[in-house]
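A.B. asks: Chains as they are written, first to last, in this note's numbering: chain A, 22 to 301; chain B, 268 to 487; chain C, 1064 to 1277.
Hints were generated in silico from the structure; no laboratory data involved.
Treat the hints loosely; a few may be bogus.
[Stated by the list, open to error] Here are the simulated lysine-lysine pairs, BS3-like style, with alpha carbons at most 27 Å apart:
(1) 115/A <-> 403/B
(2) 165/A <-> 288/A
(3) 288/A <-> 1155/C
(4) 290/A <-> 269/A
(5) 269/A <-> 1155/C
(6) 151/A <-> 269/A
(7) 151/A <-> 165/A
(8) 78/A <-> 290/A
(9) 1155/C <-> 1177/C
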Amino acid sequence: MSRAYALNDWYVVADAQTLARGPRLTRLLDQDVTVSGTPDAPNVVDDAGRAYPTQFKYGHVWTCLGDASRPLFAIPEADEPGRRLVPCGVVRVKCSPLRAVENFLDIAHFPFVHTGILGSEPHTEVAPYKAEIRDGVDEVWATKISFYQPQAAKSAQSGGDTDYQYRVAAPTSAVLYKTCPPKPEAMDVIAIFVQPRSETECDVWPWMALYDDTSDFAGLVQFQQEIFLQDRSILENQRPVKLPLDPKMEIPTRADLTSIAYRRWLKSKGAFYGALTEDA
Amino acid sequence: MSKFTLYNYVLSGNCYKIRLMAGLLGVTYDTVAVDFYPGLEQRSERMLALNPAGTLPVLVAGDLVLSETQAMLAWLATTHDPSGKWYPIKDASLHAQVLQWLGFSARLTTSVGAARLNAMLDWPVDVEAVRSASRKDLDELELRLTDRVFANQTWLVGDRPTIADIACFPYVALSPDAGFEHDGYPAIRNWLYAVRSLPGFVTMPGIHPLHELREDGANG
Amino acid sequence: MLTRPVGLLRDLDPKRVMRAQVGGQDLVIWRARNGDISAWDNRCPHRGMALSHGFVRGNDLACLYHGWHYGSTGVCRYIPAHPELDPPATIKTTVFSVVSVDGVIWVNTEGAAKPAPVPIASQPLRSFHVDAQSEGLAQACLAVAFDGGAPEQLAHGLYQLGARQVLLLENPLDGERIQITALIDADAKPEDCAALSRWCDAVRRAAQIKMVAA
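Given the sequences, and given the hints that come with them, work out the whole structure.
C.D. replies: Now the structure itself:
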């Protein structure tokens, strides 16, 4: 029941680098699949030999185990000239895929979990911002967020206020747009594409499209990996494991508007894979 | 002017041994980021020419190229700690004990370190073997640290921290990344806290800073 | 018996935090700056984060995730994202009864903590986990020699080991594991402790081999 909605979304199961190293046996929505081929012609088959639709976008192989009626979302910034496109590999986390996305949307944890990078005491206050479900595109958006950051990006030379926008394009895919230190008129794009292995375990594929002409590639990857791995020990220690969608189970504040909108949106769509709800 | 260059991967516990030691000694250095994962750059021709073992970290100081963390820790302490306390070579017994723990630290890399790479990055390992070895190594460390508690001692060797503590610290601190919690290991828990409380301590992902020590933190 | 031993006070200094389990309930055990011990449901009601990863500031425990501060009654006192806000009293975690007697920390998750009387004048040895059940542990205790002699059981969990006595206080964890808090007789010298600690290790290994074989 909880899997029904999830089946018809697209999910990442590999990137170009893993493809080049040979077939990848992995798991998606409790289903074992093997990913092989090339970026021009990726293949995804299950252990019965059944093939699933694939596409190669944003440096990753995407597949769909259901009817693929919902198209993969667009990230137009990926095609903007001058941006460096940075896939960051994959990290396995024993958590609900929905908890992984919700953590990505949260800023109040920056001073405590990403200390000295994305936040720092005493700059802990979260000013009011705007979060909404945009029915037309069926996405959750949070805007007008601003937060003091000691080092907003690898390219940042000093601390400063950073503007943030969050976009949840699908239940397990989220995109962040944030102030680009060397090019303040543009925004850096950071995304996580979460591959739900099961309701309680996921493979997380971070990806970025940045303006940064000075940092070496390894430095860019590691800056993002450092931040994501700081979240991993939080994610593996949240209970209940599945994301509670009914409001009385966990207590939000005004700083949690994005998470509140995200949970309400999931509940309204019946996107219950990885969730705890009386409705499921 | 920096005294050495560290070829580094931010998520590597072995690289962190050197970053941590440098932080505790107040030493600055240059860093070269090597794309250990997902790029496997440590196995590139350029990196193999520098270090045929294909591992990280690599420490370069002038003509000296080191590829073993035990050697790096010894070199750092010898060249940057005039007091000789971090690496006590004048006392034969203390020196030998430090070397014994450096040997143990290599076992931790292949047990807990490997279990962590497997749990986090799906690194191929013999899962049952490394997990069984991890438990055995943690049990042994707990036993020995409990001996130290009976002797009213905090550190692995002598009465102050040495490179023995720094060599063993990272993978033990990071063992929860592989699902090995410290709940059944009170002596380990307290020793980890002592290391994390040292002036100049630096963190890495999986090891949070001690927020309680911040001067500008709110106390409610 | 509902009151369980969760560890040694020696192993939990003021301003320190640890995790424990009693009867399937996940607990955070922590000490304030003033030394007071607390035992709470190990879960921040904000986003379910384990409070045992938290940090002590003054006499409050703060959650690692967003820094929410909780006072001694388990009620949230401060939310860093909203420094001017007085948090509603509904934001709280569940507080359980905890006492420290003779160096052992005891918790009852269903009422007032009433530790079982300790039958010997004792001092702390160590606390550890065993993958075994109580009978297997008892058999292992009798099977592992100490100082060349066989142990003698004096009472449940209490063993004579040559001139020494060891008391193993049991806290059953999930199904197949027990947390042991080991005490020794008050007359034991520091030089006895290492040997007794090794005996505990040997007992654990023997009990766990039996589990695998069974």
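A.B. asks: The structure should be examined with respect to each hint, and the outcome stated for every one.
C.D. replies: Hints, verified against the model:
1. 115/A <-> 403/B: holds (24 Å)
2. 165/A <-> 288/A: holds (25 Å)
3. 288/A <-> 1155/C: Holds. Residue 288/A to residue 1155/C sits at ~26 Å (cutoff 27 Å).
4. 290/A <-> 269/A: Within the cut-off at roughly 19 Å; holds.
5. 269/A <-> 1155/C: holds (13 Å)
6. 151/A <-> 269/A: Given pair residue 151/A, residue 269/A holds - Cα atoms ~22 Å apart, limit 27 Å.
7. 151/A <-> 165/A: holds (6 Å)
8. 78/A <-> 290/A: Holds, because 25 Å separates the two Cα atoms, which is no more than 27 Å.
9. 1155/C <-> 1177/C: Judged against 27 Å, a Cα distance of about 25 Å means the pair holds.
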